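First residue of the sequence shown? That's 32 in my numbering, and the numbers climb one at a time after it.
Hints are computed from structural coordinates only; laboratory data are not their basis. Heads up, some of the hints might be wrong.
[Claimed, not checked] Restraint-style ranges between C-beta atoms, simulated for each label pair:
id	residue 1	residue 2	range
1	Ala860	Trp1018	28 to 34 Å
2	Ala634	Ala482	23 to 29 Å
3	Ala598	Thr708	29 to 35 Å
4	Asp509	Ser697	42 to 48 Å
5	Tyr687	Asp835	49 to 55 Å
6	Ser511	Ala974	53 to 59 Å
7	Ala598	Asp418	35 to 41 Å
8	Trp1018	Thr708	47 to 53 Å
9	Thr682	Gly1074	34 to 40 Å
10	Ala825	Tyr911	18 to 24 Å
11	Ala634	Ser697	26 to 32 Å
12	Thr1041	Val919	20 to 26 Å
13	Val919	Gly672	40 to 46 Å
14	Gly838	Thr662	46 to 52 Å
Predicted model, so just to flag it, every value in this text is computed and none were measured. A virtual CB, placed ideally from N, CA and C, is assigned to each residue, including glycine.
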Amino acid sequence: MVLTNNGTITSGNRAIDTTSGATGILTVTNTGSITSTDDGFRINGTFASGTLVLTNSGSILAGGQGLDFDKANATSASVTIDNSGTIQSSGSDAVRLGGGTISLTNSGTITTTSDGKRAIKFDTAANVETLVSLTITNTATGEISGTDDGIKIAGAGSSTSAAVITIDNAGLITSNNGGQGIDLGDLVSTSLAITITNRETGTISASDNDAIMAGMNTTIHNYGQIIANYTTTSADDQNFDGVKFDGGSGTVYNYEGAVISGSYHGIKASGSSDDITVNNWGTIEGRNGSGVNSNGTGTVVNYGTISGTFDPAASFGDGDGVDFDGVGTITNYGSILGLGSKGIKPGETTPSTSEAIAIGGGTITNGSASERTALISGANNGILADDSNRGSILGALTVTNYGTIRGLDGYGIQIINDASFSNTIVNYGVISGTTFAVAMGNGDDLFVYQAGSSVTGGVMGQDGTDTLRLGEVSGTFDLSLLGDSATYQDFEVLDLMVGSAWTLSGTSSFTGATTVTSASLTLADASLAGSVVTVSGTGALLAGTGTIGGLMAGSGATIAPGLATNAIGTLSVTGAAQFASGSTYAVTVTSAGASDRIAVSGATTLSSGAGVAVNAMSGVYNMLQTYTILTSAGGVSGSFGSVTSNFAFLTPTLSYDSSTVYLTLSRNDVSFASVATTGNTRRAAAAVEAGGPNTALYNAVATGSIASSQDAFELLSGEAQASTGTTTFNQNQMVGDVIDGRLRQSGYAGATGAMAGLGAGGPTAYASTPVRTAGPFSSAPAAAPAAQSWTGWAQGYGQWNRIDGNGDASTLDSTVGGVLVGLDTQVNAWTLGFAAGYSWSTSSVAALGSQSDASTAQFALYGGTSFGALKLRFGGNLAYSDVDSSRVVVVGAVTERPTASYDGWSGGFFGEAGLALPLGPVAFEPYAQLAWSGVEMGSFTEAGAPVTGLSSSGLSFDTWYTTLGLRAAGSLMLGGVATLPHASIGWRHAYGDLTPAMAMTYLNTGTSFTTQGLPIAEDSVVLGAGLDVALGKGLTVGLSYDGAFGSSSQSNALRGSIGFSF
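With these hints in hand, go ahead and build the complete structure from the sequences.
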């Protein structure tokens, strides 16, 4: 059936009514006016399987209900209402709903003007049992207004309804005469799913009642305003909350910018078994009560502001931020504020106080490691934990504070506890109070002090066995803050968080127990003279200088007097001391005879399972040095079962008398060479030991650890001096390569085409040919000029070498730079010439802090000839070097920088045969070379190192080597310029002396040994590549690369050349 009204329907009874058995599809559209003295539209039956679609953009004005669908309660009924006009009752509720599936969308006005009536109501509790779903959507232009409730859904206490109820408001839902904006308080079924969403433009409000009375399992999402006011009632009679739960559980989300405000509480859970969850990013306020209040339990997560205050017009008011009579969980990243209180509540005898949080127990977390601005602030107390009536708490309380907790006229935190519970407070931030910062109550409580935290007003442990714990991070603590009448008082135990490390200073009157379990405690001239300190567990450490009342060193404990590693100190014990099995006394000693000491006023008991670990500071020790490491006025019983040290060559032993423990160091039978790891270091170690204990060098080594001795022998070996010979050999070899290159240039000076490229310095035939005719000729040009009588040339070169360590000598890096200038002429079929030059080199062994610098003068003679395609080349060179060396030697407490200056000679000669083979655009030259090189370095005596310095008679070694290889070259014209690329590859094999060795003598001991440098490569791949350019008549320039690569060495060189004929 379809009913459409565009005009006016007026009735003295009901304007539209149905029969009791109505069903089917009914569509009603009203754009006009419907007026009646009774109901505007009634469905007079269960409407089983019926579907109603009602669209109203006009007006429905009734003396009864505007819409009466109360009887349409079949689960199969479907009612859809879309109102953009006006639905109004002057004598009853504006809209009554039934069961089934209901959807109501309002963008107009739904209202009643009759006292005590609702805009929308479920009048019959039974209808909720047949309700499948209810969706009410009030758009931004919509208004739902009742003189009693704006929306009311009745229900029964025995309800089992599983309906889904959704109210979505972007407009106004209000009660203006003592009802609730939304009243779902009768809905108690635990199977219900109720969601109320108040959009950013939405307002849900009430006058003289709650804005929302929530039902069971209600979830509220608020983006707008939920406000409860009082207007006509007395300020003392306020009981009006923004959101109220009564006898159920529910969840509230209050988003950024949103407000929930009650003239009493912002959010209230009235039942003693109620459990609410509040998530807040906006503002929640109780204007004469609490921001959030629960007579039961609850959970609050706050990023915004939650506050409670008092109404000046009221005679009493209890303004708490959050008030849970039972236990709760509160996590705060914003502000929770108790802004004030007034008067005495009815039934109570003491004035109300204002707390940021009042709670019966549970967990409170204020801020986080990354959010330190969180604030909990009460006009009286920051946090009050009790039974809601100044009695003992209902459950244990844990407070973790990263931000600020403050009581502006009372306690920061006050816990009222009759010893039934143990409470914990962990403070990373600030806690302050004008009475005390914290009163822990009478249980066995724990207060954790974290580094950087502070309290103002003091912390009372009160009765019970209370523990002050230093937290999990490293930090410092002033002991004057602990004890009677101090900042931290009434504590019976001081301990450390496992894994933490704390330094204590100051003097304390504390007389309780101090416990260090798997943690580190250092006394910085501190006094715990009234406290017995128990140290135990893996990694546990008591260190430093100061006074303690007693010492119990358990398994895993280390007792180390002294303020830092390698610092000497005394630990005084006013009572008794005990070292149990598994404990260690770590004692530091010096070469001057000083040592750590434990001075015990009482008796000392030593277990055979305890040990002493000796840590020796750098220095030169006497071979029989005795130290007093423990004194005990009450006597020493028992003995340590073991003693170890970081000495390689000194053995520690303990001796005892009735009140003292002594430590003696004596030379053992471990040889110096036995701890060395290489041939060089073993020979050096043996020479040091041969010097005997009357020498400073021997004593410096003898008092080192195995690791430091191994390092010392590396530095003492002087191997870098021998490795200088390797650098000199490479430098000498490079001069030979330059001479050989010049002879190739001369040998191919008259060649053309690719054959000319086999002359590394550039062919004179190209240089003499006019540019317009120059090219890769197959034969020499007919008009080639006569040979020049003399040719001068010059070549600069640079070389970078690395030879890896070989397990005996360390890695050597060296650089060589130089220039060679020569002059040669043609005598019959021979090229004969001479050359001279200068070079400089640096050799460094970074691992040993050694370096040598050499300046060298070079002299060379050379000659070459050809027999057809066969080329013969010969040359010899002689060099004089001036060498300066320096190194760093650290042995125990001895640090020296030996230096030396000496000279040396080096030289060599070579012979080479090559066969020229032209193959089209490329020419090849297979070649064979035999060469010899020798090095003689002069004697020296190092200066500036009386303990570690060396002298040497010098170094002498020579080597033969052969090279088999192949050269290749081509020719081309680039921009009219004759250009010759060339490359080579070869295999070089060395014979004879490959490893330079030097005889060394220690200046301090007079004992001698041999040290070896890094060897030259026995087999190497030699590579070459370059480009030569003929720039004009008689002038050539070139740039080439040469490399040699052995199994553990590499050499890279660049050469620049210039040749000119005249």
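Verification of the supplied hints:
Ala860 and Trp1018 have their C-beta atoms about 30 Å apart, which keeps the hinted 28 to 34 Å range intact. The given range of 23 to 29 Å is broken by Ala634 and Ala482, whose C-beta atoms sit roughly 37 Å from each other. Between Ala598 and Thr708 the beta carbons are some 31 Å apart, a value that agrees with the proposed interval 29 to 35 Å. A C-beta distance of roughly 44 Å is found between Asp509 and Ser697, which places it inside the suggested range of 42 to 48 Å.
Between Tyr687 and Asp835 the Cβ separation comes to about 54 Å, which falls inside the hinted range of 49 to 55 Å. Separation of Ser511 from Ala974 is about 57 Å and conforms to the stated range, judged on CB atoms against 53 to 59 Å. Evaluation of the 35 to 41 Å hint for Ala598 and Asp418 yields a failure: the beta carbon distance comes to about 54 Å. Checked against the hint of 47 to 53 Å, the pair Trp1018 and Thr708 fails, with Cβ atoms roughly 34 Å apart.
At roughly 54 Å, the beta-carbon separation of Thr682 and Gly1074 lies outside the given 34 to 40 Å, and the hint is violated. At roughly 21 Å, the beta carbons of Ala825 and Tyr911 sit within the given window of 18 to 24 Å. Between Ala634 and Ser697 the CB atoms are about 30 Å apart, so this pair conforms to the stated range of 26 to 32 Å. Under the hint 20 to 26 Å, the C-beta atoms of Thr1041 and Val919, about 22 Å apart, fit the expected range.
Range check, Val919 to Gly672: Cβ separation about 42 Å, and the 40 to 46 Å hint holds. Against the hinted window of 46 to 52 Å, the Cβ-Cβ separation of Gly838 and Thr662 comes to about 50 Å, which satisfies the hint.
This entry does not satisfy hints 2, 7, 8, 9, going by the numbered hints stated previously.
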